[in-house]
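Chemist: Residue-level listing of the chains:
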Amino acid sequence: MTTLSVPAKKIRTVREQSLFLFFWMRFRRHVTAMLGGIIMLIMTVVIAFAPVFSPYDPFDQDLLNRLQPPSAEHWMGTDDLGRDMLTRILYGGRISLSVGLLAMGVSIVLGTLIGLTSGYYGGWIDSILMRITEIFLSIPRLFVLIAMGMFLRSLNLPNIQAGSFMPIAVVIGALSWMGTARLVPASTLELRGREFVQASRALGGSDARLLFMHILPNIMSPIIVSATLGLASAIISESGLSYLGFGVQLPTPTWGNMLSNTQNQMLTAPWTAIFPGMMIFIVVIAINYLGDGLRDALDPRHIVGKK
Amino acid sequence: MKQFKTLLAFVLVAAFVLSACGGGEAAPQAEPDTPAAETTDAPTEEAVDPNAPVTGGTVIVGTPQEPVTLNPLLASATIDDVISAFIIEGLVTVDGEGEYAPVLAEELPTVSEDGLVVTYKLKKDIKFSNGDAFTCADVQFTYEGIVSDLSGASTSGYSDIEKIECPDDFTAEVYFLDVYAPYLRLFSYIIPKGAGDLAALDTWEYNRAPIGTGPWMVAQWEAGDNITLVKNPNYREPGKPYLDSVIVKILPSRETGVQLLGTGEITVLWDLTEADLPTIDQLDGVAWSGATYGYGENELLVFNLGPTDGSAPADPSVAPHPSLSDLRVRQAIQYGIDKQLIVDALLGGNVKVGTTVLPIGYWACPQPASEFNVEKANALLNEAGWIVGADGIREKDGVRLSLKISSTTGNQLREQTEQVLVEMMKEIGIELVIDNLPSDVLLAGWDSDGMRKKGRFDILLYTTGGGYDPDSHLFSNYHSARIPSADNEGAGNNFSRYINADVDALIDDAAFNADQDARREAYCQVAEQINKDVPRVFLYERMVISGYREQLQNFRVSPGYADMTLDSQNWWLQP
Amino acid sequence: MATYLLRRLLQSILTLLVISMILFGLISSVPGGIMSAYQENPDFTAEDLARLEAKYGLNDPVPVRYLKWLGNTLQDDFGNSFISKRPALEEIGDRLPNTMLLMGVMLIVTLLIAIPLGIISAIKQYTWFDHITTTLAFAGQSLPVFWFGLLLIIIFSVTLKEADGKPFLPGSGMYTLGAPFSLIDRIEHLILPVTMLAFVSAAGYMRYLRSSMLDVINEDYVRTARAKGARERVVIFKHAMRNALIPLVTLIGLDLPSLFGGALFTETIFAWPGIGRLYFAAALKTDYPVVMAVLIIYSALIILSSLLVDVIYAILDPRIRLS
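Chains as they are written, first to last, in this note's numbering: chain A, 42 to 348; chain B, -4 to 570; chain C, 5 to 327.
Don't read these hints as lab results, they were simulated from the structure.
Quick caveat: nothing in here was measured; it's all calculated off a predicted structure.
Only true hints are included.
A few chain A residues that face chain C, going by a derived Cβ cut-off under 8 Å, partial list only:
#1 Phe184
#2 Ile187
#3 Met191
#4 Gly318
Derived CB-CB ranges, DEER-like:
#5 B:Glu366 x A:Pro110: 34 to 40 Å
#6 A:Pro110 x B:Thr198: 52 to 58 Å
#7 C:Ala54 x B:Gln335: 39 to 45 Å
#8 A:Asn106 x B:Ala72: 33 to 39 Å
The following residues of chain B were derived to be distant from chain C, with all beta-carbon distances above 12 Å:
#9 Asn229
#10 Ser320
#11 Asn377
#12 Gln414
Where is the CB? At the ideal position from N, CA and C, for every residue including glycine.
Given the sequences, and given the hints that come with them, work out the whole structure.
Modeler: Following this line, the structure appears as C-alpha cells:
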C-alpha cells in the first residue's frame, strides 16, 4: 500500500504544479490583469501596514484644523473633525475590503451550496431551489438593501461593538448569491455523469464526499471568477449603503461613510468627496481587471493575447 | 505591442480621471440663453432710491422635507406649519421678538375675573383668498375642527373649552371648563368655515391648497418637487406682497441645499444646523439668520437610569442601570465634556452652551455653566468604583464602562458631536459606541416597540424643549408619572426614568396656579433640581436657522410661529 | 407555447406572492411609522395618540395587516400614504413621468453610444480604438455611481461658472423654477444626471455587445459569407450585426423595469423628483403603503420583463425551443 501511494501523490503534485504553471503563463500575459493584481497587492500591503505609512491616528481629532486642503502635512487634507484624510482612507480601506471579502464569502458559500445541491440532486429539490433563486432575482436589489438597512438599524443590537461590520456584510452577501447559484448546477450535472464520479459513487462514496472532493474542485474556476467580480460589486454596495447612512457606524471610517455628508462641503472642501471615491474606483477597477484576467486564464477555451 | 497599447490606454484613462478630479479653473463659458434661477423681472423704470422695494420677481425656498399637508388640522411635521405660515394666519401669534401679538384679533384677548371666559375682538374687513369675509363663525369652525374625530391636531387646551359664542360677527367669547393658564397659545391658526365638511377632513381640497388671510396662496403643487405660491389678491396690505411668487423647492437633503444656495440655484434654505454656519460664512453672497424660540431648545444627552433590556418598569430601582444609575457617573460624564469646545469648534461659536432646561424668555432660569474638569471626572469615577482597566477603559466587577450613544442617522452635526464626545469620554476612561438610527425608528412609539419608550438605550442625543409654556414639556419629560411603562400605556417622554418627589410636586402645583410669577418660581426650582440630579446633560442651545442669498431684502428668521416666513409680504429682491 | 406561457404566468404570480409576504414582514417589523412624528410633541395627549393610532389601523397584528393589505392590493388599492394621506398609487403616478423621462433618455443615449462603439471595437479588435473603448468601459463598470455624480457636480456646477456666476450646468431639479417652459432649459437639466447614468450603463452594454459580436464573427456562416467573397461591409451589417444584436434584446428587456424604479442615487444627488427618491424618503419615514407599493410594482415588472425576454428571444432565435 505504502509503495503505491507515494508515486500516486507525486504524480498528483506534478500535475497540479504544471496546471498552475499553465495558468500562470496565461495570466502573466494579461497586462491589465497583472496591473490590477499589482495594484491590489500594493493596496493590501499599504492598508495592512497603515501605521508605517501614516504618522497620524485615524481617530485623532484636531478641531482647530478642520477641513484643511491637501498640504505637505496632510497629503489628502483633513476632514470635518480635523482628522487626517489619508490616514482615515488607509484604515477605512481595511473595513471596506473586509466588508467586501465577508460579503463575497457569504454570497459564494450560499451560491455554491445551493448550486451544488440543485445540480447534484435535480428533480424537485432543483426546482424548489431554483424558484427561491428566482424570487431573489426578482426583487429590486438596491431598494430591498435599503429596507434591510432600516431593519438592521431598528434591531438595536444590544452588544454592538464600535465599527462592527458583520451585519451589513452579511446582508449584502445574502442578496447577491444568485449569480453563483445559477452558474454551478449545469457543470455539476455534467460532472455527475462523468466516469470518475460514477466510479467513486460505485465504491460507496457519500454524497458529501462526492460533492466536495470530486465535483467542487472541478468547478472551482468559474466560482473563483465570480468571487472576484462579487468582491468588486460588494465593495461598491457597501459604499453606496454607507453613503445613504446604513453602513458601518462612525467614527470607524469606511470609504463609503467618508463620502456621506460631503455634498455640502463640495463648494468649500471638495477633497473630502474626491479622495475616498477615488480609492473605491481604483480598487474596484483593479479587481475587475484581475477578474477578467482570471477568467481568460482559467478558461481553456479562451485564447489569450493572440490575433 | 498589444500589451503596450493596453497599458497606454489605461494610463490615458487614468490621466483623464485625474485631470477631471483636479478641477482646475477652466474659462467660464458664457451662455446667454440660460434662464437665471431668480428671474428678477427688472423694473422698467430705474429705482432712484436703492432702498426702495422693487416689486416682482420670484424667491425659491429650498427645504429638505416636503410638507405632508398644509392643513394645520392634519399637520404633523414642522415643515407643514412653516410653509402654511405663508398662507394661514391666526388670531394671535408669537412675533419676531418672541412676544405674543394679535394678528386677526384687534388686540390680545381679555380674560374675565374668574379666568373662565376669554374674549377676542376680531379685525373687520379681512377677506380670505377666496373672497369670503373673516368672521367669528370661522373661529367656531376652527375649534370644531380641532376637536373633531379625524383631527390630527393637538387638543391640549382646546379640550378644556366648553363652548365658543359669537355675540356679533367680530367678537368671539371662549368659555373654559377650567382655568387654562397658557390660553394665549390657542388659535394660532384659523380655518375658514368654507374649507369643507369635517367628516371628510382627510380628503379636503383645502389640505393641499389652503384658503387663508396671509400674503400668499397655492397656485400649484408638484408632488416631490415644488409648491408654487402666488399673491393672495385679497391680502389686506395694499401693494404687497412685493414679490410675484415664492416657490418652495423640495430637496433630497440639507447637503444638496447648501450646494444649491452656494451656486445660487435657490434663494433661501430652510432649517440649517449650526454646523453649516462655517460653510455658509465662506460662501459668496450668502448670509444666514437665526433665532432661538419658545423658552429655548437644548441639544442634550438623555441618560437611561433604568434597565436597558426593554422591560420598561415604572420604577427604575427594580433594575437600575449598571453605571448610569449612579449620580457620580452622570456627574463625571458632564465634567468630562468640554461644551465650550464643541460650541466653538463645531458651531463656529454661534450658540451658547447648554446650562438649563429653561434658558430664555419669560420663563428663563439661568444656571451656572457646568465645569469642564477631567480630574474631577476621574476622581468621581474612581470613587464610584470604576477603575481603569488594561485597555484604558474603566471596569467594575468585571463590567466594562462601555456605553452606547444613539441619535438620528444622516444628521452631520449630531454625528460630529457624537464623535467628539467619543474622544472626550476616552480621556476619562469611558468607551462610547455610536449606534444611530433613522429618526422615525428612534422616535417610534410604545406600541411599535420604540427603543426610547422601552428604554433600550444607554445615552440618547437629540433636541427637545420649546413650546411657549413650560408646563407640558416639564411634566412630560421629568415627572415620574410620565415614565413610559405598561402602567401608563407608554405615555410620556421621561425616558431617563427619572424620579424626584420634589420635582413631581412642584410641577403638579404649578399647573393649577393662576399666578404666573409663582409658576415661574416653581419651574425655576425644577430646573435647579434637574441640574443637581443630571438625568440629562444640556450640551448647547439650539437655534432655528435659515440661509439666504444676500440680494433678498427683509428676510429674518423669527423666534415665533412664523419661522422664516416672517413678514414675507415685505420681501423683495435687490436687482 | 400556450401551455408554457400559462405555466410561466402561474409561477410568476406565485413568486410575486411570496415576495410580497417576505417584504411585508420585513417592513412592518421596523418600528416607527406615522406615529413617530407625534411622539415628541408633548402637547399631544395620550388620548390624541390613541385616536390617531386607531385611525391608521396600526392596532392589528402583522399577519392580519398583511391579509388586509393583500385584499386591498388585489383590488388595485395600495392604501394611502401615511405621510401625505394620498393614495400610494397617486404618489407613484405623480413621480413616474419624471423617472421615465430620465431613464428613457438615459437608455436612448446609452444605446446610441454603446451599439456603435461595441460593434466597431469588435471589428477592430486589438486596435487603439478597441483598447481605449474597452478601458473606458472597464472604468465605467467600476465607478461608484454616486461618487461620479458628485464629481460631475464639482466640475460642471460648482467649479465651472457662467459669466454671471451661475453654474455652467444646473446641478439640481428638472427645470429652472419660476422660468417659463423652455426645451433648452429642460435639456440642460438632463445633461448631468443622464451623463452620470449613461456612462456606467453604456459600459455594460458595450462590453456585452463587443463579445457577442466577436462570437458571431467567428461563426461558420459569417466565415462562409466571407469565403464566398461577400464584401466586408455586407458581411458585418447583413450577417454578423443582426445576429449579434439578438442578445441585446435580453439586456434591454431586463433593463426596462428600471424605467419604473429609476435611479435612486442619481435622483438623490440631482434633486430629481422620481420614484427612487420617493422610495427612499418613504423608507426613512417607514411609510409602508408607499414602500410596499413601489417594491411590489417593481418586482412585478422585473418578473414580467424576464418572461417577456424569454418569449421574444424564442421568437427571434429559432434555435431555442421553449420547454
